[in-house]
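In the UniProt record's numbering, the protein residues as written are 1 to 230.
Be aware that a few hints might be false.
[To be verified] In silico SDA-like cross-links for lysine to any residue, where the CA-CA straight-line distance does not exceed 20 Å:
(1) Lys122 / Lys133
(2) Lys114 / Glu155
(3) Lys202 / Asp212
(4) Lys39 / Ser221
(5) Lys39 / Arg52
(6) Lys10 / Glu125
(7) Lys39 / Leu2
(8) Lys39 / Leu220
(9) Lys99 / Phe152
(10) Lys114 / Leu20
(11) Lys22 / Lys114
(12) Lys211 / Leu85
(13) Lys99 / Thr161
(14) Lys147 / Cys127
(15) Lys159 / Arg196
(16) Lys10 / Pro72
(17) Lys99 / Leu23
(18) Lys147 / Thr161
(19) Lys75 / Asp164
(20) Lys75 / Leu85
(21) Lys122 / Leu23
(22) Lys122 / Lys202
(23) Lys202 / Asp97
(24) Lys22 / Arg130
(25) Lys122 / Thr9
(26) Lys148 / Ser221
(27) Lys75 / Ser207
(28) Lys159 / Ser207
(29) Lys148 / Lys170
(30) Lys202 / Glu214
(31) Lys133 / Ala209
(32) Lys133 / Thr161
(33) Lys99 / Lys159
(34) Lys50 / Asp14
[Claimed, not checked] Estimated spans, in silico, between C-beta atoms of each pair:
(35) Lys27 / His218: 34 to 44 Å
(36) Phe36 / Ser77: 26 to 36 Å
(37) Phe177 / Leu20: 43 to 53 Å
In case anyone wonders, no lab produced these hints; they're calculated from the structure. Bear in mind the structure is a predicted one, so any value in this text is a computation, not a measurement. The C-beta atom is built at its ideal place from N, Cα and C for all residues, glycine as well.
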Amino acid sequence: WLDAMQDETKSLHDNHTYDLVKLPKGKRALENRWIFRVKQEINSTSPRYKARLVVKGFRKTKGVDFNEILSPMVKMSSIREVLSLAATLDLEVEQMDVKTVFLHDYLEEEIYIKQPNGFQVKGKEDCVCRLRKSLYGLKQTRRQWYKKFESFMCEQGYKNTTSDHCVFVKKFSDDDFIILLLYVDDMLIIGKDVSRIDRLKKQLGESFAMKDMEIAKHILSIRIMRDREK
1 WLDAMQDETK SLHDNHTYDL VKLPKGKRAL ENRWIFRVKQ EINSTSPRYK
51 ARLVVKGFRK TKGVDFNEIL SPMVKMSSIR EVLSLAATLD LEVEQMDVKT
101 VFLHDYLEEE IYIKQPNGFQ VKGKEDCVCR LRKSLYGLKQ TRRQWYKKFE
151 SFMCEQGYKN TTSDHCVFVK KFSDDDFIIL LLYVDDMLII GKDVSRIDRL
201 KKQLGESFAM KDMEIAKHIL SIRIMRDREK
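Take these sequences, add in the hints, and give me the full structure.
Rendered as structure tokens:
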């Protein structure tokens with residue numbers, strides 16, 4: 001687990017998630033804790049150990065530590081409909097995963113947390129972390145991430161549907177199209193033209209830390225299997 005914690009700490013540093021500062025008078029530093037889980041990757045015999053630094057967001061005060069928190073979630077019906085469309089039209093179904101998804105977004109509020117347990121900086125033990133970007137456990141984290149991702153997709157010419165704001169569609173002049181479904185840090189990309197799918201993947205990789213899962217096999221505890229010959 002130590003390696004997993006070190007990887008997470010490195011991600012926080014590389015992403016400039018916080019600055020070490022003296023706690024200003026009248027401010028408080030929120031508690032945090034480590035959360036551990038074992039993730040079994042499909043087509044891999046070795047489990048993946050993951051550690052996440054999580055803020056104890058339940059101790060935050062509305063209007064002080066956060067304002068708006070609501071964000072859309074993809075509907076299960078949307079996933080079924082898009083997968084059905086892919087099967088009917090024989091479309092490609094690719095998958096990508098966002099690494100440390102909630103660490104990409106700049107915060108609008110002024111928030112301080114204590115240094116991660118076991119990773120206090122020597123000589124600066126009395127300092128706290130002034131958060132520059134979102135962190136797991138913050139009430140506004142999902143909203144911040146969605147706003148940033150939606151803005152990115154709009155810049156690439158995609159529009160989210162009125163029935164599901166986590167479904168993004170781009171239509172091309174030759175009547176081709178690409179659909180992207182977003183579920184927090186997991187996304188499905190559906191389309192016929194592989195080169196256009198690859199172009200979107202490249203654009204995503206240039207803006208976010210992405211992992212290409214290639215052909216989709218699993219989403220929301222649903223295993224995806226297809227027999228294209230039938």
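Of the numbered hints stated earlier in the document, which are not met by this structure? Violated: hints 1, 2, 12, 13, 14, 16, 17, 22, 26, 27, 32 and 33.
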